[in-house]
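Respectively, the protein sequence lines represent chains A and B. The opening position of the first sequence corresponds to residue 819 in our numbering, with each subsequent residue numbered one higher. The opening position of the second sequence corresponds to residue 819 in our numbering, with each subsequent residue numbered one higher.
Don't read these hints as lab results, they were simulated from the structure. Any given hint could turn out to be false.
Pairs count within a copy or across copies, as identical chains cannot be separated in the list.
As the list claims (entries may be wrong) - Here are the computed lysine to any residue pairs in the SDA-like style, where the Cα-Cα straight-line distance is at most 25 Å:
no. : residue 1 : residue 2
1   : Lys1027   : Ser1092
2   : Lys827    : Ala866
3   : Lys1104   : Ser1010
4   : Lys827    : Ala997
5   : Lys1071   : Gly873
6   : Lys827    : Val1102
7   : Lys860    : Thr928
8   : Lys862    : Lys1040
9   : Lys1027   : Ala1095
10  : Lys1030   : Pro922
11  : Lys1104   : Gly910
12  : Lys1027   : Arg947
13  : Lys1104   : His940
14  : Lys1015   : Glu881
15  : Lys1015   : Asp941
16  : Lys860    : Trp1093
17  : Lys1030   : Thr928
18  : Lys1041   : Trp981
19  : Lys1027   : Pro891
20  : Lys1027   : Gly1088
21  : Lys1030   : Ala997
22  : Lys1071   : Trp1042
23  : Lys1030   : Glu1054
There are 2 protein chains.
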Amino acid sequence: MSSSNKLAKAPSKPISQSLRLPRGPVSMADLDPSATPGYPGKGKADAAALTEALGPQVSDLQEMLYASGRSNPESAQRVLVVLQGMDTSGKGGVIRHAMGLVDPQGIDLTAFKAPTEEERKHDYLWRIRNALPGAGKIGIFDRSHYEDVLVVRVESIVPEDVWSKRYDEINAFEAELAAGGTRIVKCMLNVSSDEQKARLAERLEDPTKYWKYNPGDVDARKKWPAYMEAYEALLEKCNTDAAPWYVIPADRKWYRNWAVAELLRETLAGMPLSWPAAEFDVEVEKARVAAS
Amino acid sequence: MSSSNKLAKAPSKPISQSLRLPRGPVSMADLDPSATPGYPGKGKADAAALTEALGPQVSDLQEMLYASGRSNPESAQRVLVVLQGMDTSGKGGVIRHAMGLVDPQGIDLTAFKAPTEEERKHDYLWRIRNALPGAGKIGIFDRSHYEDVLVVRVESIVPEDVWSKRYDEINAFEAELAAGGTRIVKCMLNVSSDEQKARLAERLEDPTKYWKYNPGDVDARKKWPAYMEAYEALLEKCNTDAAPWYVIPADRKWYRNWAVAELLRETLAGMPLSWPAAEFDVEVEKARVAAS
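Bound-form chain A, shown alone (with noise of 0.2 Å):
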């Protein structure tokens, strides 16, 4: 459309400081769900358009970096995005939305549920460390590692002793997958219990959106007060430069699917890539071509 390129306005200042936490301790009440920093636009209007608009940009740099990782898979870079939100903040909304507009040969995306019998009997990284992007992909995990100081520290599906731990693991892993070339961006996805309470009550009010509703959302939603805490800690204990979060305000999807895009076009661009260079001779390869 030829309106893209006035649309693709950028914020005034990176999403990424617009949304970084800050370092230090974390109170999710000081967290406004429905603020909308760094959005360029007037508002819900133009926020599809907005969004599309970043497409292009999107998806020609992760061309360039699919075209690195091909050439050169040992020492290729990677994104991963973690996306981690209580119900109904959007996870799946914003990979329809936002990772939608990347080419679906560039993404490894990940959805975790509770662990399989085959997963329980390895360490709780396992089945992370084999879901990770590979070669100049963009690896999209729907719940991750985070999981394992979440609901299993609300119920206590481990001991205190060894959950406790699991900020500290979590901080070297992710260390590890930096130096390794890849880019972490942690979204949570942050939706308040009220505009929660709406959703999954339409949930109830629309037949084709009852295969969303889940009757165990409610049992997590009374514990609200519990995840809220569990989130301020690992918010806090693992807001490392290596491996940064970033909190989406979410009672906005229009605003939510919009930052999440700006954030991986602006990570993306913030990337050294380059085409990589020919394996071969080109005039030999135009004259073999041409005889062919």
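Following the hints, put chain B in place on chain A, whose structure we already have.
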């Protein structure tokens, strides 16, 4: 965009009828790679918009397919899109532009390369079975088991008495999948030898495309007649009602992308999809949410 509905024109007859290969002997020489059967627009100028205009319907249907897969994993329907074609025919372009219309969560994409050591220890269909789409998913095969009667036949990687039995084996395998609820859409992207030559030359003129060029492509190109013979055999022998072959003219990229997107839309629209019923008492849950 408000223009989408206006642009979402349907072809005058189902695209599956325009592209379905008739039963019987096949001559590649009779199939025009630059034709545009069933295209409802003016040409290249409106093709990207016509393709994008399919997005909302494809997306809605895919969500219903996905929902039914979530609620009934055992009996769920699935779709399997098989993409075959000579180098440069545009398998990657189709995935980017046509399959890119679909929510990444709904896709199971596999690109088959030369078999690994592990894969070679098993029957040729072993890795194919491992990559079949999950419940409610759209599987995409970038190359497939048809390589086992293409490169394997042309390069005599196994003896003729082995590969010649595979056509029947493949038909039996695909009939089994179809009976189990998988809609199989096999697309042969038909690029001409001249157009392939032009595309290879183009890659050598543009440093941002060097990574797509492989000197081995010229070696395969020199065996063009043998590949066409192998395609004729599989198009004739494996063109079944359970798993029909569609030959997509692929010299015009804009037509190719639109045609596969429309074929996917039509396939989804022809499936008996419905939103799953609630597996809980809706009124009880409304009260639980209200009280939470």
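Hint by hint, here is what the structure shows:
For the homomeric pair Lys1027 and Ser1092, the shortest alpha-carbon distance between copies (12 Å) is at most 25 Å, but the shortest distance inside one copy (44 Å) is not. Within a single copy, Lys827 and Ala866 get their C-alpha atoms as close as 13 Å, and across copies as close as 23 Å, so both meet the 25 Å cut-off. For a Cα distance limit of 25 Å, the shortest separation of Lys1104 from Ser1010 across copies, 19 Å, qualifies, whereas the shortest one inside one copy, 60 Å, does not. In the homo-oligomer, the alpha carbons of Lys827 and Ala997 never lie at most 25 Å apart, since the shortest distance is 32 Å inside one protomer and 51 Å across protomers.
Taking the shortest Cα distances, Lys1071 and Gly873 sit within 25 Å of each other both inside one copy (18 Å) and across copies (20 Å). When the C-alpha separation of Lys827 and Val1102 is checked against a cutoff of 25 Å, the pair qualifies neither within a copy, at 44 Å, nor between copies, at 47 Å. Taking the closest pair of Cα atoms, Lys860 and Thr928 never come within 25 Å of each other, the shortest separation being 34 Å inside a single copy and 41 Å across copies. Proximity of Lys862 to Lys1040 under the C-alpha cut-off of 25 Å is found in neither arrangement, the shortest distances being 31 Å within a copy and 56 Å between copies.
Within a single copy, Lys1027 and Ala1095 get their C-alpha atoms only as close as 49 Å, which misses the 25 Å cut-off; across copies the closest is 10 Å, which meets it. For a Cα distance limit of 25 Å, the shortest separation of Lys1030 from Pro922 qualifies both inside one copy, at 24 Å, and across copies, at 17 Å. Taking the shortest alpha-carbon separations for Lys1104 and Gly910, only the inter-copy value of 23 Å comes in at or below 25 Å, while the best intra-copy value is 46 Å. Neither within a single protomer nor between protomers do Lys1027 and Arg947 lie at most 25 Å apart by alpha-carbon distance, with minima of 33 Å and 32 Å respectively.
Taking the shortest alpha-carbon separations for Lys1104 and His940, neither the intra-copy value of 52 Å nor the inter-copy value of 39 Å comes in at or below 25 Å. For a Cα distance limit of 25 Å, the shortest separation of Lys1015 from Glu881 across copies, 23 Å, qualifies, whereas the shortest one inside one copy, 40 Å, does not. Taking identical chains as interchangeable, the C-alpha atoms of Lys1015 and Asp941 are never at most 25 Å apart, the minima being 35 Å within one chain and 52 Å between chains. For a Cα distance limit of 25 Å, the shortest separation of Lys860 from Trp1093 qualifies neither inside one copy, at 36 Å, nor across copies, at 35 Å.
Taking CA atoms no more than 25 Å apart as the test, Lys1030 paired with Thr928 passes inside one copy only; the shortest distance there is 18 Å, against 27 Å between copies. For a Cα distance limit of 25 Å, the shortest separation of Lys1041 from Trp981 inside one copy, 18 Å, qualifies, whereas the shortest one across copies, 60 Å, does not. With identical chains, the CA atoms of Lys1027 and Pro891 are at most 25 Å apart between copies only, with a shortest distance of 18 Å across copies and 42 Å within one. For the homomeric pair Lys1027 and Gly1088, the shortest alpha-carbon distance between copies (22 Å) is at most 25 Å, but the shortest distance inside one copy (39 Å) is not.
Taking the shortest Cα distances, Lys1030 and Ala997 never come within 25 Å of each other, neither inside one copy (38 Å) nor across copies (28 Å). Taking identical chains as interchangeable, the C-alpha atoms of Lys1071 and Trp1042 lie at most 25 Å apart only when both belong to the same chain, with a minimum of 21 Å there against 52 Å between chains. In this assembly of identical chains, Lys1030 and Glu1054 lie within 25 Å of each other by CA distance neither inside one copy nor across copies; the values are 31 Å within and 44 Å between.
Of the numbered hints stated above, those contradicted by the structure are hints 4, 6, 7, 8, 12, 13, 15, 16, 21, 23, listed in ascending order.
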